[in-house]
Amino acid sequence: MTTCDIVLVGVGGQGVMTLGDLLARAALAADVPLAWVPSKGMAQRGGSVKAEVRLGYGAAGPRVPAGGADLLLSMERSETLKGMPYLRSDGRTILYDHVWEPTGVQLGEDAYPSRDDVVASLASRCNEVVLLDPAERPRFGDAPVVANIYALGALAGSERLRRLIDSRILERTVVDRWPKAAEANLAAFQAGFIHGNQPIGRFLGDARNRSATKETGT
Amino acid sequence: MKTQILTGNEAVALGALRAGVKAVTGYPGTPSTGCLAHLLTLDLPDRHIEWSTNEKVAFEIAAGAAWAGHRAMCTMKMSGVNVAYDALISIAYSGTNGGLVIYVADDPGVSAGMPEQDTRGFALMSHLPMLEPASPAEAYELAQRAFELSETTRAPVFLRLTTAVALGHARVDVDAEVTPRDIAPILEKDIHRYTKAGSAICMEQHRASIERLDHASRAVRAMGLNHLHLDPEDGMLGVVAVGAVNAYLSEALALAGTEPPSGISTLHVATTVPFPWDEVCTLLGHCRTILVLEELEPHVERGLYVAAQQSSFKGRIVGKLDGTLSPIGEYGLQEVVKGLEACGFLQATAHDGGAQETATSPTREQPAAVLDRGDELCSAPRPITVCAGCPHRGTYLAIDAAIKTAGLSKDEVMVTGDIGCTILGMNPPFNLLWNEVSMGTSVSLAQGYVHGGLTTPVIATMGDSTFFHGGIPGLVNAIQHRVSLTLVVMDNGWTSMTGMQVNPGTDDVFQRDGRRIDIEAVLRGFGPDRLDVVDPYDLERMTSAIADGLSVSGVKVVLAQRECAIQAKRRGAVAGHTEVQVDKCVLCKRCLKITGCPALSVSPDGSSMTVDQSLCNGCGLCATFCPTGALTHSTEGAAT
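Listed in order, the protein sequences are those of chains R and L. Mapping of the first sequence onto our numbering: residues 1 to 218, in sequence order. Mapping of the second sequence onto our numbering: residues 1 to 640, in sequence order.
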């Protein structure tokens with residue numbers, strides 16, 4: 001069976017763990033073997049969080065190896081850097097470019113990376129980057145769509161994931177999870193799905209002079 | 001049967017229900033908490049489930065239920081075994097009647113603080129069998145086998161998960177629960193078995209405990225818990241993998257396109273104790289090189305050296321003792337690949353990019369051997385701090401102010417810390433606490449500093465659950481021996497850091513069948529020289545209570561009482577309302593610098609500070625420090 005390794009990073013309170021849970025539920029519905037593990041340490045709201053999701057393995061532990069992630073979904077700009085070592089050179093990144101400055105940054109004591117720096121770094125690390133700008137998030141009713149579901153929609157269109165889980169199954173999982181918010185979540189998911197098909201760049205061949213890699217397989 | 005997504009913790013809980021467990025006790029601790037926490041979400045009328053005062057109490061209760069003939073389990077993190085062990089070794093000597101399972105979660109890689117202790121050492125020390133599942137599905141299965149093994153051998157049995165298995169989610173096929181046995185309790189009076197009075201009794205029990213482990217060795221073999229796969233050809237390499245590492249071994253072999261492995265024999269170890277002698281000796285007789293993959297201490301590897309000596313094995317053993325692998329951290333695919341490479345396997349195939357193509361796995365670049373964290377250096381640091389509205393913030397700021405009031409600096413006043421959320425005062429912006437050792441240590445350690453000749457005041461800090469768990473003996477000692485110190489008990493009514501569990505001080509409303517113990521009455525009963533009960537949101541009173549304590553001798557206790565802000569907020573209870581008068585804010589950021597409150601930030605347009613009302617609990621501490629009166633606080637609309 002094809003496999004797909006996904007790393008999700010962000011900050012406590014952004015719904016990163018919820019995304020891990022939704023991917024697992026969708027995998028169960030699609031009858032795809034799954035293992036996933038949340039890492040939040042002692043983080044309350046505002047601390048670093050990570051979820052590692054592995055799909056399609058007959059037997060595998062839940063930790064994604066370095067350089068093993070087909071997909072990286074980051075919900076926060078600076079935290080993206082923590083997910084980056086996991087990326088495969090032929091991997092794909094969904095960056096929801098939210099900025100959540102820790103206190104040290106607000107006080108001018110610590111540095112915070114720029115969007116350009118993060119995107120440049122991603123370009124040297126993986127094959128494709130989808131940038132979702134929080135300011136340009138589409139609206140549903142009076143408010144912008146839910147950020148994590150929007151980002152999940154963008155992830156759902158990824159070729160490697162679609163081989164295992166059809167995006168419609170993932171969409172159905174989101175709808176079933178919160179029946180009362182079905183419409184709002186559907187709007188978020190679908191908007192993300194459309195944006196996910198518009199990567200800002202493909203980076204075949206990179207700064208570290210690795211050989212160009214193409215997605216292969218069935 | 002139903003297929004569910006479960007964590008290892010939940011799988012242990014459901015496995016125990018399937019085994020007909022009657023009583024489950026525990027003390028919260030990451031990564032084990034989710035097991036008992038899950039049971040408390042279920043409706044289980046025939047069973048007793050509780051968070052106990054500490055792990056020793058939890059174990060003793062489970063042991064009593066098991067001596068009475070029922071199946072019982074206690075749950076804890078690895079540090080908890082240290083607390084429970086005093087009782088545990090004694091009951092290991094006596095043996096059990098009903099199945100008695102100690103579920104412990106070890107934390108290689110340290111996801112949540114505390115030493116990277118390998119609890120298999122305790123199983124070795126107490127001659128108790130220990131089952132080590134590799135996945136949530138195995139955890140469900142082995143939880144049931146653990147009860148059977150305990151009753152077959154009459155030994156208490158450890159069930160040990162590691163972080164990735166305990167917190168990891170996977171599919172598990174779950175069968176229906178089994179109702180606990182309807183039996184009359186066993187009332188057996190036998191001092192030779194149930195007491196430790198005299199050398200004859202103790203040595204006889206010691207002998208019996210070793211015999212029980214021998215029995216377990218035969219039972220484990222009969223149950224087929226350790227899986228030996230011998231390559232049909234005379235084996236080049238034998239790989240021994242313990243517990244969680246087995247999942248990554250399967251993956252590494254699949255990556256190399258050699259599943260089932262050719263030229264490789266494997267031994268999947270689920271019991272370091274009892275040591276799988278027969279399987280190991282067979283493997284040694286079949287292979288020229290043996291690779292041992294186990295997280296933390298080389299317990300199985302040492303056993304292999306003994307077996308190798310006894311069976312005149314002349315080959316090579318690769319693992320930690322030859323320096324190939326590390327005893328530190330969690331193992332993943334990288335460590336397995338490193339081990340296989342050290343044995344000369346994988347080099348010519350997968351890792352150099354020449355992976356063999358198979359029908360099911362397209363050629364893919366293999367993962368790197370080492371996690372290159374170069375980029376992480378550029379990410380903004382996020383030190384853990386207390387939540388918005390946390391009452392501990394008031395306590396830290398008051399201790400800081402009291403030290404200054406006493407004419408001292410923070411660098412000359414020892415403030416001992418303790419386990420739980422209360423330790424977060426070690427981080428910025430407080431930088432207040434000097435140490436963290438074990439549950440309740442702060443108040444005893446402080447006495448040592450006094451006897452060690454410290455002439456400046458000594459302050460100890462601990463939370464309410466920590467006080468009940470292990471802090472009481474230390475405080476009693478300080479009072480008895482008239483040691484001058486100030487203890488601040490930070491009572492927020494919950495065991496918070498592990499996810500809000502009920503403790504003896506939690507309000508009656510949240511106690512299931514239990515009742516609240518009045519912590520103030522407990523403290524008063526010990527007769528400290530001074531006891532102040534203060535709301536930590538009241539910075540002025542809090543500061544003066546601590547400062548007064550620092551100025552006189554004797555044991556002074558300050559009970560800082562205010563419910564955990566997270567729990568209060570969940571119920572809609574807020575202390576007041578804080579907001580920014582934008583025109584008055586000069587953006588000096590003093591509020592943020594001093595309190596570090598996550599509800600405070602610079603507004604998006606950069607013109608002033610702003611308060612995130614979805615986080616703010618209206619404690620008003622930040623307003624205290626605003627030099628221009630831009631931050632205003634009112635207690636109007638406060639609700640409890």
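The set of hints was computed from the structure by calculation and includes no laboratory data. Bear in mind the structure is a predicted one, so any value in this text is a computation, not a measurement. Glycine residues also receive a C-beta, built at the ideal position from the N, C-alpha and C atoms. Wrong hints could be hidden among the right ones.
Label-pair ranges, simulated between beta-carbon atoms [what the hints assert, rightly or not]:
#1 D133(R) <-> D86(L): 28 to 38 Å
#2 K2(L) <-> A182(R): 18 to 28 Å
#3 P115(L) <-> A182(R): 27 to 37 Å
#4 R590(L) <-> D31(R): 50 to 60 Å
#5 G329(L) <-> A182(R): 41 to 51 Å
#6 V178(L) <-> P138(R): 50 to 60 Å
Pairs of lysine-lysine, DSSO-like flavour, derived with a Cα cap of 30 Å [claimed, not checked]:
#7 K569(L) <-> K40(R)
#8 K320(L) <-> K180(R)
#9 K338(L) <-> K320(L)
Evaluation of the provided hints:
no.: 1; hint: D133(R) <-> D86(L): 28 to 38 Å; verdict: violated (59 Å)
no.: 2; hint: K2(L) <-> A182(R): 18 to 28 Å; verdict: holds (25 Å)
no.: 3; hint: P115(L) <-> A182(R): 27 to 37 Å; verdict: violated (47 Å)
no.: 4; hint: R590(L) <-> D31(R): 50 to 60 Å; verdict: holds (57 Å)
no.: 5; hint: G329(L) <-> A182(R): 41 to 51 Å; verdict: holds (43 Å)
no.: 6; hint: V178(L) <-> P138(R): 50 to 60 Å; verdict: holds (51 Å)
no.: 7; hint: K569(L) <-> K40(R); verdict: holds (21 Å)
no.: 8; hint: K320(L) <-> K180(R); verdict: violated (54 Å)
no.: 9; hint: K338(L) <-> K320(L); verdict: holds (12 Å)
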